[in-house]
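Q: In case you want the letters, here they are:
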Amino acid sequence: MKSSIFNTLSILILVMVFLSSCEDVVDVDLSNGSPQFAVDAFITDHKNPEIKLSLTQDYFDDSGADYLEDAMVSISDGINPDYEFTFEDGAYRYPSIINLEEGVEYKLSIISGDNTYEAVSSVNPVPTLDSIGVEFQESVFGFDAGYFAEFFARDIAGREDFYWARYSRNDTLQNNPSDLIISQDAAFSGNGADGLIFIPPIRQGINDFSRIYQPEEFIHVELWSIDETVFNYLNQVVEQTGIGGPLAIISAPTYNVLSNITLISGPSELDPVGIFSVSKVSTIDYTFE
Amino acid sequence: MNYLIKTICLFTLIFSSGILLSQEKYNLSGYVRDAANGEELIGATVSTADFEVIVSTNVYGFYSISLTAGTYEIAYSFIGYNEFKKTVTVSENFTLDMELTSSSVNIDEALVTGEAENKNVKDIDMSVSEMDIATITSIPALLGEADVIRAVQTMPGVTTVGEGASGFNVRGGGIDENLILIDEAPVYNSSHLFGFFSVFNPDVVKNVKLIKGGIPSEYGGRLSSILDVRMKDGNKKEFQGQGGIGSIFSRLTLEGPIKKDKASFIVAARRSYIDILAKPFLGDDFQDVKFNFYDLTGKVNWRLNDNNNFFISAYKGGDVIGFDFFSFKWGNTTTTARWNHIFNNKVFMNVTGIYTDYQYGFDVQVDDGNGFKLDSRIQSVQGKADLTFFANQLNTIKMGASSNFYDFIPAEATFASEGESNDISIDKKYAVESAAYIQNEQRVTDRLTLQYGLRFSLYQYLGGRSVYTVEEGETAGGQSEITGIDNSAGRWDAVQTYSNFEPRFSANLSLSKTSSLKASYNRTAQYIHLLSNTVGSSPVDVWTPSTNNIKPSMADQLALGYFRNFKSNEYQFSAEAYYKETQNVVDYINGADILINEFIEADLLRGDARAFGIEFYVKKAKGNYTGWISYTLSKTERLVNGISNNDWFPNRYDKPHNFNININRKISERTSLSLSFMYASGTPSTFPTNRINVQGWVIPQNANNERNSFRVPAYHRADVGAIIEGKDRPDKKWKSQVVLSVYNLYARKNPYLFYFQQNEVTPQTTEAIRYSVVASFIPSVTYNFNF
Numbered sequence: 346m347k348s349s350i351f352n353t354l355s356i357l358i359l360v361m362v363f364l365s366s367c368e369d370v371v372d373v374d375l376s377n378g379s380p381q382f383a384v385d386a387f388i389t390d391h392k393n394p395e396i397k398l399s400l401t402q403d404y405f406d407d408s409g410a411d412y413l414e415d416a417m418v419s420i421s422d423g424i425n426p427d428y429e430f431t432f433e434d435g436a437y438r439y440p441s442i443i444n445l446e447e448g449v450e451y452k453l454s455i456i457s458g459d460n461t462y463e464a465v466s467s468v469n470p471v472p473t474l475d476s477i478g479v480e481f482q483e484s485v486f487g488f489d490a491g492y493f494a495e496f497f498a499r500d501i502a503g504r505e506d507f508y509w510a511r512y513s514r515n516d517t518l519q520n521n522p523s524d525l526i527i528s529q530d531a532a533f534s535g536n537g538a539d540g541l542i543f544i545p546p547i548r549q550g551i552n553d554f555s556r557i558y559q560p561e562e563f564i565h566v567e568l569w570s571i572d573e574t575v576f577n578y579l580n581q582v583v584e585q586t587g588i589g590g591p592l593a594i595i596s597a598p599t600y601n602v603l604s605n606i607t608l609i610s611g612p613s614e615l616d617p618v619g620i621f622s623v624s625k626v627s628t629i630d631y632t633f634e
Numbered sequence: 003m004n005y006l007i008k009t010i011c012l013f014t015l016i017f018s019s020g021i022l023l024s025q026e027k028y029n030l031s032g033y034v035r036d037a038a039n040g041e042e043l044i045g046a047t048v049s050t051a052d053f054e055v056i057v058s059t060n061v062y063g064f065y066s067i068s069l070t071a072g073t074y075e076i077a078y079s080f081i082g083y084n085e086f087k088k089t090v091t092v093s094e095n096f097t098l099d100m101e102l103t104s105s106s107v108n109i110d111e112a113l114v115t116g117e118a119e120n121k122n123v124k125d126i127d128m129s130v131s132e133m134d135i136a137t138i139t140s141i142p143a144l145l146g147e148a149d150v151i152r153a154v155q156t157m158p159g160v161t162t163v164g165e166g167a168s169g170f171n172v173r174g175g176g177i178d179e180n181l182i183l184i185d186e187a188p189v190y191n192s193s194h195l196f197g198f199f200s201v202f203n204p205d206v207v208k209n210v211k212l213i214k215g216g217i218p219s220e221y222g223g224r225l226s227s228i229l230d231v232r233m234k235d236g237n238k239k240e241f242q243g244q245g246g247i248g249s250i251f252s253r254l255t256l257e258g259p260i261k262k263d264k265a266s267f268i269v270a271a272r273r274s275y276i277d278i279l280a281k282p283f284l285g286d287d288f289q290d291v292k293f294n295f296y297d298l299t300g301k302v303n304w305r306l307n308d309n310n311n312f313f314i315s316a317y318k319g320g321d322v323i324g325f326d327f328f329s330f331k332w333g334n335t336t337t338t339a340r341w342n343h344i345f346n347n348k349v350f351m352n353v354t355g356i357y358t359d360y361q362y363g364f365d366v367q368v369d370d371g372n373g374f375k376l377d378s379r380i381q382s383v384q385g386k387a388d389l390t391f392f393a394n395q396l397n398t399i400k401m402g403a404s405s406n407f408y409d410f411i412p413a414e415a416t417f418a419s420e421g422e423s424n425d426i427s428i429d430k431k432y433a434v435e436s437a438a439y440i441q442n443e444q445r446v447t448d449r450l451t452l453q454y455g456l457r458f459s460l461y462q463y464l465g466g467r468s469v470y471t472v473e474e475g476e477t478a479g480g481q482s483e484i485t486g487i488d489n490s491a492g493r494w495d496a497v498q499t500y501s502n503f504e505p506r507f508s509a510n511l512s513l514s515k516t517s518s519l520k521a522s523y524n525r526t527a528q529y530i531h532l533l534s535n536t537v538g539s540s541p542v543d544v545w546t547p548s549t550n551n552i553k554p555s556m557a558d559q560l561a562l563g564y565f566r567n568f569k570s571n572e573y574q575f576s577a578e579a580y581y582k583e584t585q586n587v588v589d590y591i592n593g594a595d596i597l598i599n600e601f602i603e604a605d606l607l608r609g610d611a612r613a614f615g616i617e618f619y620v621k622k623a624k625g626n627y628t629g630w631i632s633y634t635l636s637k638t639e640r641l642v643n644g645i646s647n648n649d650w651f652p653n654r655y656d657k658p659h660n661f662n663i664n665i666n667r668k669i670s671e672r673t674s675l676s677l678s679f680m681y682a683s684g685t686p687s688t689f690p691t692n693r694i695n696v697q698g699w700v701i702p703q704n705a706n707n708e709r710n711s712f713r714v715p716a717y718h719r720a721d722v723g724a725i726i727e728g729k730d731r732p733d734k735k736w737k738s739q740v741v742l743s744v745y746n747l748y749a750r751k752n753p754y755l756f757y758f759q760q761n762e763v764t765p766q767t768t769e770a771i772r773y774s775v776v777a778s779f780i781p782s783v784t785y786n787f788n789f
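Keeping their order, the protein sequence lines are chains Y and S. Per the working numbering, the first sequence runs over residues 346 to 634. Per the working numbering, the second sequence runs over residues 3 to 789.
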């Protein structure tokens with residue numbers, strides 16, 4: 346009798362402890378910081394290049410980015426004539442796909458007002474996406490039955506590579522910054538993954554396990570090659586936007602993510618933030634039956 | 003060098019003056035034990051009736067008191083025991099062991115019948131909190147589990163960053179700056195998962211002592227404090243058992259004589275059993291869930307003869323979490339073998355051998371061809387010898403030496419992808435840490451006692467692996483460059499040697515019979531560092547040795563205190579101020595990669611830290627109500643090149659105000675109530691000021707580039723508890739008690755941290771989330787028994 350009372354009490358108490366941690370949305374008074382010059386420049390050999398420039402806003406300002414339109418933006422590769430961008434429809438654009446040469450360093454130049462900014466990034470090779478593997482999963486933990494997918498590709502052996510995998514589901518880009526799929530060679534970081542097939546956590550990153558794929562859905566997967574600085578940048582973005590939940594206790598402290606944009610000349614009232622990256626892209630599509 | 007010569011001269015001068023003043027004295031020595039179970043009593047007082055000569059038993063229960071020839075009434079006393087007086091005639095050195103009987107508490111009389119009057123005022127110890135197990139179990143505890151670390155946190159100068167963080171901070175020092183010892187073996191992680199419960203099973207603990215300043219020369223290796231926990235030896239007279247059934251843990255301890263009065267043992271086990279109990283309630287999907295904490299302790303001691311005592315203690319504990327294909331475990335194992343040898347009435351020696359093994363590991367086995375395994379460990383073997391020479395009435399000299407051999411295994415890791423596996427292990431790192439010390443405690447005049455000593459520590463980072471050199475970062479705060487990788491150093495070659503003199507000094511100036519002024523200075527060196535760049539400590543934090551790149555940390559601490567007792571010891575008061583400066587604290591670049599990183603030293607930064615504060619402490623030791631109040635006002639900050647605009651910024655664990663009150667009241671013969679309340683400032687945090695829009699993401703940014711410039715709201719909490727003893731039946735051996743407690747009585751959602759994120763539904767909107775680890779009140783019932 347005594348023991349069953351204790352047993353019941355123990356379960357109740359356990360449940361209470363683990364349910365008792367909680368999160369609340371609260372109002373916080375943040376101090377003001379001066380605006381900075383933000384550069385969003387991801388160039389690929391897959392789409393017409395698009396660069397967005399904006400000023401940073403107060404943290405809680407959700408009115409949407411205020412894009413700058415009176416800057417001069419160009420990219421040079423030291424071989425061909427400079428690629429000049431013109432502002433149209435919210436971004437600086439170049440009218441055709443830039444043929445990115447492997448091993449070449451590209452330089453981005455921006456003149457905005459009295460300031461001149463520059464950034465460099467180099468082009469790395471990207472392996473082909475061999476296939477999409479699909480497995481049917483029974484209903485588990487109360488979720489629907491359906492498919493989960495993984496992309497198969499092999500890291501290029503003999504060199505240190507960095508990759509970013511992006512995917513859209515039914516034509517909608519899956520763009521949660523704390524879920525970015527990035528890798529060093531075939532794994533998360535560190536040595537030893539050179540030349541291997543991408544490890545399961547990376548290749549299965551293209552699933553939303555709370556809403557697995559149903560028949561007739563389709564996905565488009567892209568694998569981008571990036572350089573080490575962009576890899577560090579994306580890692581920091583994941584870390585800084587992913588703090589939260591029960592794992593908040595062991596999350597990294599808040600810090601400012603790095604930037605590869607530098608102020609070359611001009612009064613430094615608007616410090617640069619953001620990133621410039623050049624990537625070769627492999628793609629693959631799949632429709633679930 | 004000049005500094006060293008001056009210290010030696012001072013030491014010799016004072017010491018020789020002490021010797022010249024001595025007359026023909028004899029030493030009366032022996033052990034003081036508990037009459038019921040033969041346990042040696044630590045810190046018991048032995049004195050002449052007029053308290054002119056007064057000594058305490060050491061950690062082995064041994065005392066030696068120096069007296070001129072004559073007849074004396076010697077008083078033996080200890081808190082919770084009846085005082086015993088014995089008349090002795092001293093004409094030569096002789097041995098006298100004593101047994102004290104524990105006092106039963108009469109609610110109308112003083113609770114403390116045995117503690118020597120004004121011990122806290124007279125002892126050279128300052129900045130010390132000593133707690134006996136009865137006090138620890140009287141504090142209402144989370145889920146009814148009495149906890150040594152939680153009790154220590156109610157003392158002045160001790161703070162934590164909140165529930166869910168393991169470790170504690172002493173006088174503004176990091177959690178790795180505390181040397182936690184269990185029967186002299188260092189413990190690298192003193193809490194079970196996420197800091198809710200410590201690794202100490204209260205049923206086995208005999209004595210807990212926290213030294214925050216004025217650290218005596220015999221201790222070293224950490225900067226901020228020593229937490230010295232001693233286990234019971236085991237009832238030497240009769241077989242005894244005790245245990246409890248609680249909401250989370252159940253415990254059982256068995257002890258008894260192997261040979262009455264000569265040898266005894268104690269074994270204890272404690273395990274949580276949430277996983278076993280929850281099994282029937284969880285669905286099929288959760289059947290494989292493993293989730294348990296455990297502690298196993300065992301000790302055997304053998305008194306060969308009056309002069310030789312042997313002890314072997316072992317501890318093993320850890321946590322296991324797992325389900326389906328994933329498991330995580332961590333644990334500490336320690337083993338100590340000790341030999342006490344008494345040369346004569348004046349000389350006591352202890353020799354100890356220690357083995358420790360701290361490890362954690364992951365095992366993820368998705369299927370046959372895909373998996374990941376990581377094990378990280380620290381193994382160490384240490385030998386030490388300590389000698390105490392009870393020279394005369396005025397001088398007690400201690401000296402000793404130790405050597406600790408470390409094997410750091412940062413990562414033994416493999417992973418497999420589609421059947422292709424790869425070893426990503428990191429080579430072991432080896433180091434040796436040695437020390438030698440000498441110290442004298444001298445009664446210079448009737449009013450002035452000094453304790454002065456010198457510790458010399460020597461550390462060698464050995465080879466047997468690749469050694470790389472790191473140049474300071476090309477951009478301040480950025481990753482450093484690796485220049486030069488050298489494979490020539492052998493396993494026993496010293497790649498880098500560091501040595502330090504650590505002078506230690508304390509003084510006690512008696513102002514009156516019931517008040518004194520104390521001052522201390524100590525210099526400490528720390529050669530191993532805990533790398534943790536997360537908000538709270540996590541179980542996978544990495545301990546790393548000092549290397550050719552990572553310099554040892556050094557701290558200098560000055561403390562000054564005033565001690566005063568009122569109403570014949572009913573109230574004890576102390577006020578202490580401290581100032582501590584630390585060099586070479588470890589900090590991290592943004593996004594530092596701590597786990598499985600061979601070149602981790604390139605991700606580290608070096609800085610300086612300083613901490614200062616004032617601590618107030620009042621204890622009511624006698625009467626119907628007993629308890630204590632502590633309040634600390636403090637500041638702790640650091641300066642790191644490349645962080646926070648090269649300005650001093652608050653440490654993560656800076657808590658300017660820290661207030662604790664604990665009250666215990668016996669309301670009837672069988673029932674006592676306790677209440678505790680704590681209030682502490684919130685911890686500093688880094689918040690964003692701006693947002694960057696890139697690729698549709700909202701990235702937080704602190705445009706002022708400051709770290710820890712915001713503070714979360716204050717932490718406060720009240721707990722209540724009641725202990726109801728079972729009816730006392732003198733004929734039955736089985737005694738029981740029920741412990742009730744409510745943790746976080748008024749269910750405050752104490753914020754542990756704030757984080758900022760995009761709203762799930764409208765990603766352009768950002769919000770601040772307050773995260774609390776414990777957000778409701780938690781009641782519990784525990785049934786304890788002993789037989």
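Hints were generated in silico from the structure; no laboratory data involved. Hints may contain errors.
[As the list claims (entries may be wrong)] With beta-carbon atoms standing in for the labels, derived distance ranges: (1) S:P765 x Y:D489: 18 to 28 Å; (2) S:Q585 x Y:R504: 36 to 46 Å; (3) Y:S376 x S:T764: 20 to 30 Å; (4) Y:G540 x S:T499: 22 to 32 Å; (5) Y:D369 x S:R467: 42 to 52 Å; (6) S:S490 x Y:D369: 40 to 50 Å; (7) S:K318 x Y:G540: 33 to 43 Å.
We put the beta carbon where it would ideally sit given N, CA and C, even for glycine.
Q: Now, for every hint given, state plainly whether the structure supports it.
A: Each hint tested on the structure:
For the hinted restraint 18 to 28 Å between P765 (chain S) and D489 (chain Y), the CB-CB distance of approximately 24 Å keeps it satisfied. Range check, Q585 (chain S) to R504 (chain Y): Cβ separation about 42 Å, and the 36 to 46 Å hint holds. Checked against the hint of 20 to 30 Å, the pair S376 (chain Y) and T764 (chain S) passes, with Cβ atoms roughly 25 Å apart. Our hint of 22 to 32 Å for G540 (chain Y) and T499 (chain S) is violated, since their Cβ atoms are close to 41 Å apart.
Taken as a hint, the range 42 to 52 Å holds for the pair D369 (chain Y) and R467 (chain S), whose Cβ atoms sit roughly 49 Å apart. With their beta carbons about 58 Å apart, S490 (chain S) and D369 (chain Y) fall outside the hinted range of 40 to 50 Å. As the Cβ distance of K318 (chain S) to G540 (chain Y) is approximately 41 Å, the hint placing it in 33 to 43 Å holds.
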